[in-house]
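Colleague: What follows is each chain in one-letter form.
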Amino acid sequence: MKRILVSMAMVVLVAAIVAGGEEAGAVYGDGVTIQDPVPMSRLLGEPETFVGKKVRVDGVITGVCKKRGCWIQVTNPDTGEGIRIKVEDGVIVFPYAAMGEPVSAEGIFEAVALTPEQVAARAARQEQQPASHSHPPGEPCEKGLPGKTGCDVPIQDNTVYLIRGTGAVIHS
Amino acid sequence: MRLRRLVIATHRDVGYFFAGLTVLYAISGIAVNHVEDWNPNYVLRTETRDLGQLQDGDRNQVADEVLRRMEIAEEPKSVVRMSPNLIKVFLDGRTITVTLPEGRVYDELARRRGGFFELNYLHLNHGKGFWTWFADLYAAGLLVLACTGIFIISGKKGLGGRGLWLLLAGLSVPVIYLLWRL
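If you read the protein sequences in the order shown, they are chains A and B. Quick note, the first sequence lines up with residues 1 to 172 if you use my numbering. Quick note, the second sequence lines up with residues 1001 to 1182 if you use my numbering.
Be careful, since some hints might not be right.
One-sided and incomplete, this derived list gives chain B residues near chain A with beta-carbon spacing under 10 Å [unchecked claim]:
1) Q1061
2) L1086
3) F1151
Straight-line alpha carbon distances no greater than 25 Å define the calculated BS3-like cross-link-like pairs of lysine-lysine that follow [what the hints assert, rightly or not]:
4) B:K1077 with A:K66
5) B:K1128 with A:K66
6) B:K1128 with A:K67
7) B:K1077 with A:K67
Taking beta-carbon pairs under 10 Å as the criterion, some of the chain B residues facing chain A (in silico) [to be verified]:
8) R1005
9) V1007
10) V1035
11) W1038
12) Y1042
13) R1059
14) A1073
15) P1076
16) M1082
17) S1083
18) V1089
19) F1090
20) L1122
21) L1166
Rather than coming from a laboratory, the hints here were simulated on the basis of the structure. All figures in this text were calculated on a predicted structure; none of them were measured in a lab. We treat Cβ as the ideally placed atom computed from N, Cα and C, and that holds for glycine.
Sequences and hints are given; from them, build the entire structure.
Modeller: In structure tokens:
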């Protein structure tokens, strides 16, 4: 009996020592590897240049997936231009407490065009937005958009621009 | 006979060791299974207020005026101009969205859902590092519990009779579900 308990304690201790070195402050996923961020205005102004490429963006976290932490919205605090960083559920989890913190994030830039049906459905939804809807003006909570973008994703010219996040560093 | 004694002893001791964590994981499992219906991690309270007309200008100055009118002394973490007429002020656990120039405020307060936040933190392995290893150990422990559990009793109530049927019934649920869904 004592031997079993001692063995279990040893395994836990070894695991703690091995894993202890991996704890790393506010680094999420692979962190950031690219030196220079792409200005948000350039990324959204000429998106075709960056589609399919790995990019880094810097800004302030203005939205976090409230339930799963599976996306953040990164915004330029001066201009309001922002981009969704979507990560796989459970692989990277952003804490809701990160709202308002400066962040550097990177991943593959994607453009997902809405289908004509989705454009029509979106227009109808916006017309019928109930008065009690809890989101601030200009930020409708929309689900079921292409590419698993998460709620509240900004849409520009009927296209969702987002970064499939591989990592981030939150500078709090 | 000696082997059965070892099986029972192993099942008992591993069971005692992991019983607490199993209960915690079970509670968290139910909580996160229903994530579409509620927020298992945070309690969010929202409120809309009218602060009266606000003069547009530097976003930090607008934020200062908003906080003054709301009688909040806290220094904001950041202030972001989301659009020409929308500013967000971020405080600790609180986000204030202001529309200009109307001065309409959408105030969102978030606090951790006591107990559940911590359980989900463990269950969903948000901490990574050490907890990944311990959760692996726990998974191995469950494997040991399952493998030893089915051999605890012999005869009609064990794998020679009812036990086998229950084992097959339990296995059939995920198999049938997968055949149905995929």
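Colleague: Each hint: holds or not?
Modeller: Evaluation of the provided hints:
A least Cβ separation of about 14 Å between Q1061 of chain B and chain A goes past the 10 Å threshold, and the interface hint is therefore violated. The restraint placing L1086 of chain B at the interface with chain A holds, with a minimum CB-CB distance near 6 Å, inside the 10 Å limit. Hint status for F1151 of chain B: violated, given a least beta-carbon distance of 18 Å to chain A, over 10 Å. Proximity of K1077 of chain B to K66 of chain A is assessed by CA-CA distance (about 19 Å); at most 25 Å being required, the pair is judged to hold.
The straight-line distance between the Cα atoms of K1128 of chain B and K66 of chain A is roughly 20 Å, inside the 25 Å bound, and the hint therefore holds. Under the criterion of a C-alpha separation no larger than 25 Å, the hint pairing K1128 of chain B with K67 of chain A is consistent with the structure, at around 19 Å. For the hint linking K1077 of chain B to K67 of chain A, the alpha-carbon distance of about 22 Å falls within 25 Å, and the restraint holds. For R1005 of chain B, the interface hint is violated, since its Cβ never comes within 10 Å of a Cβ in chain A; the closest pair sits about 13 Å apart.
Against a cut-off of 10 Å between C-beta atoms, the interface hint on V1007 of chain B is violated, since the closest Cβ of chain A lies about 14 Å away. Hint status for V1035 of chain B relative to chain A: holds, with the closest Cβ pair at about 5 Å, below 10 Å. At about 9 Å, the closest approach between the beta carbon of W1038 of chain B and any beta carbon in chain A falls short of 10 Å, and the interface hint on this residue holds. Look at Y1042 of chain B: its Cβ gets to within about 6 Å of chain A, closer than 10 Å, so that hint holds up.
Checking R1059 of chain B against chain A by beta carbon gives a least distance of about 7 Å; that is within 10 Å, so the hint holds. The beta carbon of A1073 of chain B comes no nearer than 17 Å to any beta carbon in chain A, farther than 10 Å, and the hint placing it at the interface is violated. With a least beta-carbon distance of about 7 Å to chain A, the hint placing P1076 of chain B at the interface is held under the 10 Å criterion. Taken as an interface hint, M1082 of chain B checks out: its beta carbon lies about 5 Å from the nearest beta carbon of chain A, inside 10 Å.
Against a cut-off of 10 Å between C-beta atoms, the interface hint on S1083 of chain B holds, since the closest Cβ of chain A lies about 5 Å away. Annotation: V1089 of chain B was flagged as interfacial toward chain A, and the flag holds, the nearest CB pair being 8 Å apart, inside 10 Å. Taking 10 Å as the C-beta contact cut-off toward chain A, the hint placing F1090 of chain B at the interface holds, the least distance being around 2 Å. Given hint, L1122 of chain B at the interface with chain A, is violated; its Cβ is 12 Å from that chain's nearest Cβ, farther than 10 Å.
Among the interface hints, the one on L1166 of chain B is violated; its C-beta lies about 28 Å from the nearest C-beta in chain A, farther than the 10 Å criterion.
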